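Same order as they appear, the protein sequences are chains A and B. Everything in the first sequence is counted per the working numbering, starting at 106 for the first residue and increasing by one. Everything in the second sequence is counted per the working numbering, starting at 106 for the first residue and increasing by one.
These aren't lab readings, by the way, just hints derived from the structure by calculation. Everything numeric in this text was worked out from a predicted model, so none of it was measured. Heads up, the beta-carbon is just placed ideally off N, CA and C, and yes, glycines get one too. Each hint should be verified, as a subset may be incorrect.
Cβ-Cβ distance ranges computed for the label pairs, FRET-style [unchecked claim]:
| # | chain 1 | residue 1 | chain 2 | residue 2 | range |
| --- | --- | --- | --- | --- | --- |
| 1 | B | E278 | A | K191 | 25 to 31 Å |
| 2 | A | E136 | B | I260 | 52 to 58 Å |
| 3 | A | K318 | B | D296 | 36 to 42 Å |
| 4 | A | K309 | B | N156 | 48 to 54 Å |
| 5 | A | N332 | B | A240 | 47 to 53 Å |
With the Cβ distance kept under 7 Å, some of the chain A side facing chain B (calculated, not the full set) [to be verified]:
| # | residue |
| --- | --- |
| 6 | G148 |
| 7 | H151 |
| 8 | P158 |
| 9 | T164 |
| 10 | Y188 |
| 11 | L189 |
| 12 | G192 |
| 13 | R193 |
| 14 | T210 |
| 15 | V212 |
| 16 | I268 |
| 17 | T287 |
| 18 | W312 |
| 19 | T341 |
| 20 | Q342 |
| 21 | D344 |
Number of protein chains: 2
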Amino acid sequence: MSKPLILITNDDGFTAKGLNELIDVAKQFGELLVVAPDQPQSGMGHAITVNNPIRFHQTDYYNDITGYQCSGTPVDCIKAGMYLLKGRKPDLILSGINHGSNVSTNVLYSGTMSAAVEGALEGIPSIGFSLTNYASNANFNPSKAIVKEIVGKAILNKMKKGICLNVNIPDVELSKIKGIKTCRQGEAFWDDTFDERVDPLGKKYYWLTGSFKSHEDSEDTDVNQLNNNYVTVVPTQFDMTAHKSIGEIQNWNLEL
Amino acid sequence: MSKPLILITNDDGFTAKGLNELIDVAKQFGELLVVAPDQPQSGMGHAITVNNPIRFHQTDYYNDITGYQCSGTPVDCIKAGMYLLKGRKPDLILSGINHGSNVSTNVLYSGTMSAAVEGALEGIPSIGFSLTNYASNANFNPSKAIVKEIVGKAILNKMKKGICLNVNIPDVELSKIKGIKTCRQGEAFWDDTFDERVDPLGKKYYWLTGSFKSHEDSEDTDVNQLNNNYVTVVPTQFDMTAHKSIGEIQNWNLEL
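Use the sequences and the hints to build the structure in full.
Written out as structure tokens, the structure is:
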């Protein structure tokens, strides 16, 4: 049996520590192609580059691993990776390890997870990994053991097409992690604000900031289980239809 | 009873014809605040601006309507609008009318629809409108009748919090539109490619391009009904959990 082909990206950029740690684990499982953004792309969600051209070129940054740096978003990187493979399909797509957690509704804002969702759209089993630590020098050693377990089981169990996994890892020593919970996306939201400042020319500018708050106490949500020091795994789909609301809207009797 | 407060944005930018046509209909229903991107933001998905500051300032472009132009993405515009309202909550959020359709999985890539999804996250009934015509001078007259019908019924029926509507309009005369169908997001995907070119300095660059293809024949999908000249309405949610797959992943027995 040939080794699995694994396409890898992230949203913190091609030199990020988390990406390099992910590569270090993934190379034990198969042949890798890395296509990562040439600059940080946090918060880019499912953005694609349509109003501007995209550039990508090979880099020797990863030594013996085939790597490209790409001017686009994480989703662009997945599309570029598919293009570079010239019809050969990856067996698995991995994204991360993100510097910062992506639980709950952050799945929508996260470039890391949007790359994994794009993989699901391509019909390829995909996993996004995030560590609850924004620091560029965060300790990824516990994460590496977790990535190894999850990637190994995903390959062993032939992960279903059309979904991806949103994996979040608490920022504690491995001995303090209580286990791995597969659960649902919790109801949690950003309480946004804008930090108003004035530039040297006297014009106002704003930083988007805020705090992330859980709106439910249930034990079966990713946001609450991550806070309880569990690794959380949320199977994630690209169908955003609110199926239960179709009948309600049909009852409006919309007509021309 | 006071008039509804309606927050409006789009992704084609604050001077786009589709936005101005939407404003023209919406002002019949309530008090408006328009916060729109200062440049085209197509394909920006749910991107937010976190690595750079954001600017927004008032514009008199919309005459008697309070309007702001914003340097950020459509989702940033919704967040900026909420900030500018200083705690007052809009009764409705409208986005569009987009120049180009956003059926099926385009809900993920679309700045227009991501602004509506952000509205749903904020707990505000939200609707994104898209016309199947990319031209900057597209004819929005049939669309205006449809927007009026849907916004009127959304206000009348007190649209549920936590969902938004993805409305797509065929590019034909009103008399040729067969009706309005509430349905689900179809399984359709971009078959991507990159158009390789060489710049004057001899370096390669690429345009992301491709064709959008439906992968199912079912009558109850937005992509197929739009092709049949129906206006399509898909109730859309922000929970991306693949609930049916939770049990399957739990059976992998992930452990540390």
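Quick rundown of the hints versus the structure:
no. : hint                          : result
1   : B/E278 <-> A/K191: 25 to 31 Å : 44 Å, violated
2   : A/E136 <-> B/I260: 52 to 58 Å : 56 Å, holds
3   : A/K318 <-> B/D296: 36 to 42 Å : 40 Å, holds
4   : A/K309 <-> B/N156: 48 to 54 Å : 19 Å, violated
5   : A/N332 <-> B/A240: 47 to 53 Å : 50 Å, holds
6   : G148                          : 4 Å, holds
7   : H151                          : 3 Å, holds
8   : P158                          : 4 Å, holds
9   : T164                          : 15 Å, violated
10  : Y188                          : 5 Å, holds
11  : L189                          : 9 Å, violated
12  : G192                          : 11 Å, violated
13  : R193                          : 15 Å, violated
14  : T210                          : 6 Å, holds
15  : V212                          : 5 Å, holds
16  : I268                          : 5 Å, holds
17  : T287                          : 4 Å, holds
18  : W312                          : 6 Å, holds
19  : T341                          : 5 Å, holds
20  : Q342                          : 4 Å, holds
21  : D344                          : 6 Å, holds
Hint violations for this structure: numbers 1, 4, 9, 11, 12, 13, all remaining hints satisfied.
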